[in-house]
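*Asks:* Here are the chains, one letter per residue:
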Amino acid sequence: MIGIIDCNNFYASCERVFNPALRDVPVIIYSNNDGAVIARSEEAKALGIGMAVPMFEVKRLIKLHNIQGFSSNYTLYGDMSKRIKTIIRTFFKNVEDYSIDESFVDCKGLEYRNCFDYIKTARDKITTWSGVPVSIGVAETKTLAKLANRIAKKQYRSIGVYIIDSEEKRLAALKSTAINDVWGIGGRITKRLNTKGIYTAYDLSLIDPDWAKANFSVVLQRTVYELRGVLCIPLELIPPGKQNIASQKSFGIYQTEFEPMAEALANYTARVAEKLRRQHCVAGGIEIWLGTNNFSKTDKQYFPSIHTVCDVPTDYTPYLIKRAIIGLKKIYRKGYLYKRVGVMLTDVRNANDGTLNMFSFHNRQKEITVIRQIDRINRLNGRDTVRFAQQGFTADWRMKQESLSGFFTTRLSDIIEIK
Amino acid sequence: MQSANIKIFKVLKSNTELPLFLSTIQAGFPSPADDYLEDAISLDDICINNAASTFLGRVKGQSLKDICIYEGDIVVIDKSLQPEHRDLVICAIDGEFNAKMLHLDALQGIRLLSANPSFQPIIINELTDFRIWGVVTYIIQNIKNRSHDWHY
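As they're listed, the protein sequences go chains Y and P. With the numbering used here, the residue at position 135 of the first sequence is 135, and numbering never jumps. With the numbering used here, the residue at position 77 of the second sequence is 1077, and numbering never jumps.
Calculated directly from the structure, the hints in this document are not laboratory data. All values derive from a computational prediction rather than experimental measurement. We put the beta carbon where it would ideally sit given N, CA and C, even for glycine. Certain hints may be false.
For lysine-lysine, the following DSS-like pairs were computed, each having C-alpha atoms within a straight-line distance of at most 30 Å [what the hints assert, rightly or not]:
1) Lys1144(P) with Lys63(Y)
2) Lys82(Y) with Lys1144(P)
3) Lys329(Y) with Lys300(Y)
4) Lys45(Y) with Lys169(Y)
5) Lys297(Y) with Lys1065(P)
6) Lys1060(P) with Lys419(Y)
Computed, partial: chain Y to chain P, Cβ under 10 Å [as the list claims (entries may be wrong)]:
7) Asn19
8) Pro20
9) Leu22
10) Gly197
11) Ala246
12) Ser247
13) Gln401
14) Ser405
15) Leu412
16) Ile415
Far from chain Y, some chain P residues (derived; all Cβ distances over 12 Å) [unchecked claim]:
17) Ser1053
18) Thr1054
19) Asp1094
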């Protein structure tokens, strides 16, 4: 048996944990740059605020219904996600972290004790320990577990647990689910399947898997098998290797000049370098890129990128910023309206890798001492208390985050106030 | 007197980590202490039992002054603990976080007490909008800055 643990309205729930005034009030979260709604509480959904509603319409509804809107606070959501995943691991040994708010868990062996009681206790504890309500769906396969989770959310919200452990339950779940609510079935495939008379998950489970493979894809074939209770997508328990670390964000307003973009790039580089050090890694290379607005039909388009190699694999922010700016100088051209700049650290390896360069003098020990002190000061007093001159102070480029809540769990100046 | 339950530690300024090895020169005679060094004592180990469910808050106001908790103190809150009689709990009342002493009594029901005579006890009935958010486990006080206020 496989379970999926899913946080209910994760972003809105995180805001609620640290702000009791938001209880039972409609809450919505904006995307980066406050350009659209990306998350909603149940109350906001009930008011009909869809994900695709344009911002001017949202602004009108906010006034009308006294909705609380927040800029996305990924610092907070990321830390809460980490906490929840730690708590999950105290109840389940084998866990696959699927996304910021979803984890698959191995429930093998639970059938020999009272499976429901165990899952229900775990669900209640994850909810109270973190403050974020979660739902758990359990079934033979990942795809069926997803269906079970949906039923837990829709029909057994206060219990928060649903287990498909019998053939009747499986059939009932399949019959009550439309195919576009099945895991991995997108809008386009839904339309094509509908023309063939396939509307519910039950219809889908009855089609010939080989026909699905021949006419659609191996992915759909797998879905058909999984809906029948045949496990095709196992848990991925080994975390993927050290990946490249990247940061790209859109500017609040279009940029044309070199200086503000260099400042933005320095800041993004400082961010990825911090992340690199948190993972105890060094980077052997750095790639940067620029982009204009690819949705504009009238503006001239330009999407350059450049990759440079570090003298020695490093995690030292000033060096990485220097390399990034040199790269930016090479690809920057005047006369474009730039929408974004991005940076990616490549060739990421363990910090004790020990690769040296015989042609460059390098005082690694001094770098470590300096950067550790800076990280410490910034951790205690807030990000960028000590910053590199290139990072600047103007931040005209910064994305719009006008309704950002506090960093309640990661910054001492923002912790909750108790009367 | 509740203040008997509160222990106040004076925390001296120090680096939280001690080096694991005192000698760095490999050619010389190793420090005889190397074999006897242990991991540093960490304040986290003392104050935090369940890190994933532990949060910090800052006290505002004087509602706990009789148990020697004052404005500006940092409270360590564990959300994984089941609230018990006489616990200092954080609860959400009217959209704000409050620290109160939880009293569970067969005769008087559930009451939330402040440690300050100018605050009335809150009696919980079915209609009260209240929820316990977490249990306070430790208080961090800056004694060095406060010692000037003492009348000694």
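*Asks:* Take the hints in turn and mark each one as holding or not.
*Replies:* Taking the hints in turn, this is what the structure says about them:
1. Lys1144(P) with Lys63(Y): Not OK: Lys1144(P) and Lys63(Y) at ~48 Å, beyond 30 Å, violated.
2. Lys82(Y) with Lys1144(P): Roughly 35 Å between the alpha carbons, so the hint for Lys82(Y) and Lys1144(P) is violated.
3. Lys329(Y) with Lys300(Y): Measuring from Cα to Cα gives roughly 20 Å; hence the hint holds.
4. Lys45(Y) with Lys169(Y): Status holds; Cα separation ~28 Å.
5. Lys297(Y) with Lys1065(P): Violated, because 65 Å separates the two Cα atoms, which is more than 30 Å.
6. Lys1060(P) with Lys419(Y): Between Lys1060(P) and Lys419(Y) the Cα gap is close to 5 Å, so the pair holds against 30 Å.
7. Asn19: It holds, given that the least Cβ distance between Asn19(Y) and chain P is near 8 Å, below 10 Å.
8. Pro20: Since the shortest Cβ distance to chain P is 3 Å, the answer is holds.
9. Leu22: Nearest chain P Cβ about 8 Å off; hint holds.
10. Gly197: With a minimum Cβ separation of about 49 Å from chain P (threshold 10 Å), the hint on Gly197(Y) is violated.
11. Ala246: Status violated, d = 27 Å.
12. Ser247: This interface hint is violated because 26 Å lies over the 10 Å limit.
13. Gln401: Result: violated, 23 Å to nearest chain P Cβ.
14. Ser405: violated, 14 Å
15. Leu412: Holds - the Cβ of Leu412(Y) comes within 10 Å of chain P, reaching about 7 Å at its closest.
16. Ile415: At 5 Å from the nearest chain P Cβ, Ile415(Y) passes the 10 Å test, so the hint holds.
17. Ser1053: violated, 4 Å
18. Thr1054: It is violated; Thr1054(P) is separated from chain Y by about 9 Å at its closest Cβ, not greater than 12 Å.
19. Asp1094: violated, 8 Å
Checked against the numbered hints above, the structure violates hints 1, 2, 5, 10, 11, 12, 13, 14, 17, 18, 19; every other hint is satisfied.
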